[in-house]
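Participant: From first to last, the protein sequence lines stand for chains D and R. In terms of the numbering used here, the first sequence opens at residue 1 and continues consecutively. In terms of the numbering used here, the second sequence opens at residue 113 and continues consecutively.
If you're looking for bench data, these hints aren't it; they were derived computationally from the structure. All values reported here derive from a predicted model rather than from experimental measurement. Certain hints may be false.
Unchecked claim - Simulated coverage check for chain R against chain D, where a stretch passes if three residues somewhere in it have a Cβ under 8 angstroms from a Cβ of chain D:
(1) 169-180
(2) 332-345
As the list claims (entries may be wrong) - DSS-like mimics (lysine-lysine), calculated; alpha carbons at most 30 angstroms apart, straight line:
(3) Lys249/R - Lys222/R
(4) Lys2/D - Lys130/R
(5) Lys222/R - Lys2/D
(6) Lys251/R - Lys227/R
(7) Lys2/D - Lys204/R
Stated by the list, open to error - Selected chain D positions facing chain R (Cβ under 8 angstroms, derived; list incomplete):
(8) Thr3
(9) His4
(10) His7
(11) Phe13
(12) Gln89
A virtual CB, placed ideally from N, CA and C, is assigned to each residue, including glycine.
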Amino acid sequence: MKTHRNHANYWAFVLHRVSGLALLLFLPAHFYVLALAVEQAATLDMFLSWTEAPLVKLLETGLVILLAAHMTGGLRILAIEFLAWRNWQKSVVAITGGLSLAAGLLFFLNAG
Amino acid sequence: MSNNTLTVEIWRGREEGKFDTFEVPRMASQTVLDIVTYVQRNLDPGLSYRFACWVGVCGSCAMTVNGKPRWTCRTHVDKVADEGVLRIQPLKNLPVIRDLAVDMTEFFEKWTKAKAHFVPTATRHDDFAQVSPSDPKRKEATAGIECINCGVCYSACDTVAWLGDYLGPAALNRAWTLHNDVRDGGQSDRIKAIAGTGGCQACHSHQSCFELCPKHLNPTASIAGLKRATAKAALKGEI
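Between the sequences and the hints, there should be enough to build the whole structure, so can you do that?
Facilitator: Listed below in structure tokens is the structure:
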């Protein structure tokens, strides 16, 4: 790709921004389901049994990866801004990506 | 393109314009600036562009080459025209005067806004300052001092594109080198200048400036240093 943006640190920025926006969209639904526990316990139970479906587990795995990517990406930014500079920034991006995928894999393997 | 010629698309006009296509003879070790100069001298004398030294010192020949800002005098065609076509445009994030020449006024005005100039504290009657090359602050200054003001980092910076007031990587890099210069007397004014809107905190750490700096400087690292310096100054109530 012929653009000044095609490098690891820029892709890390894009992933951090996109994961943040995706989690922002998810949160209202998350709070709505939590609110069911107060007034509609039966509906909540139905919902929880639905979440046992394999496809939903797969979607949840994606959610865990997004969460992990946003958290590790945020820690990466904090390290850049508050710790002494390190020249292995691309390695840090690789580590954050690896940790995010590992978190997703760990969740998926324990989901059954 | 035949084996002996290269298809070159060159931007013509200002913000509005079009690409003109030229066939330029290939030569060994040919640079992008050689190509532009061939077009201007042999095919279209009306082409506007800017250069001076031809050897990577003056910083005046930067252009966008196949999508990336580069200094054209030290960019070999072999390195960038891997698909047989060369597309040359003016630098992004700066107003186009005409064709490949951009107006650098705002780029240099931002150096002034960042107080990126040396403020002397000694007179001609004082002895030379003794600064050890191994001093940690001097090492930080030395790492960023070789900037030639070519504007490549400024053109590659998305924060400059998104936030018009942003001082940009080059001015902030210079401010960082002066922040670490023990002889400089402008520290207080400078930290205030680079802490406000459009200052160092606006940087998103994309690091495109570092990726593309032809001198292999790291403005993102300099800006990160300024972020730490402004955070300390804020905690001390200095800004």
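Participant: Hints first: check each against the structure and report whether it holds.
Facilitator: Now the hints, each set against the structure:
Restraint check on the region 169-180 of chain R versus chain D: 3 residues with Cβ-Cβ distances below 8 angstroms, three needed, restraint holds. For the region 332-345 of chain R, the stated coverage by chain D is satisfied: 7 residues place a CB nearer than 8 angstroms to a CB of that chain, which reaches the threshold of 3. Restraint check for Lys249/R and Lys222/R: the C-alpha separation of about 24 angstroms stays at or below 30 angstroms, so the hint holds. Taking the CA atoms of Lys2/D and Lys130/R, the gap is near 19 angstroms; set against the 30 angstroms cutoff, the hint holds.
At roughly 28 angstroms between alpha-carbon atoms, Lys222/R and Lys2/D fall within 30 angstroms of each other, so this suggested pair holds. With a C-alpha separation of about 21 angstroms, the suggested pair Lys251/R and Lys227/R falls inside the 30 angstroms cut-off, and the hint holds. Distance check on the hinted pair: Lys2/D and Lys204/R sit about 14 angstroms apart at the alpha-carbon level, within 30 angstroms; holds. At about 5 angstroms, the closest approach between the beta carbon of Thr3/D and any beta carbon in chain R falls short of 8 angstroms, and the interface hint on this residue holds.
Interface hint status for His4/D: upheld, as the beta-carbon distance to the closest one in chain R is roughly 4 angstroms, under 8 angstroms. Interface hint status for His7/D: upheld, as the beta-carbon distance to the closest one in chain R is roughly 5 angstroms, under 8 angstroms. Among the interface hints, the one on Phe13/D holds; its C-beta lies about 5 angstroms from the nearest C-beta in chain R, closer than the 8 angstroms criterion. The interface hint given for Gln89/D holds, since its Cβ lies 7 angstroms from the closest Cβ of chain R, which is under the 8 angstroms cut-off.
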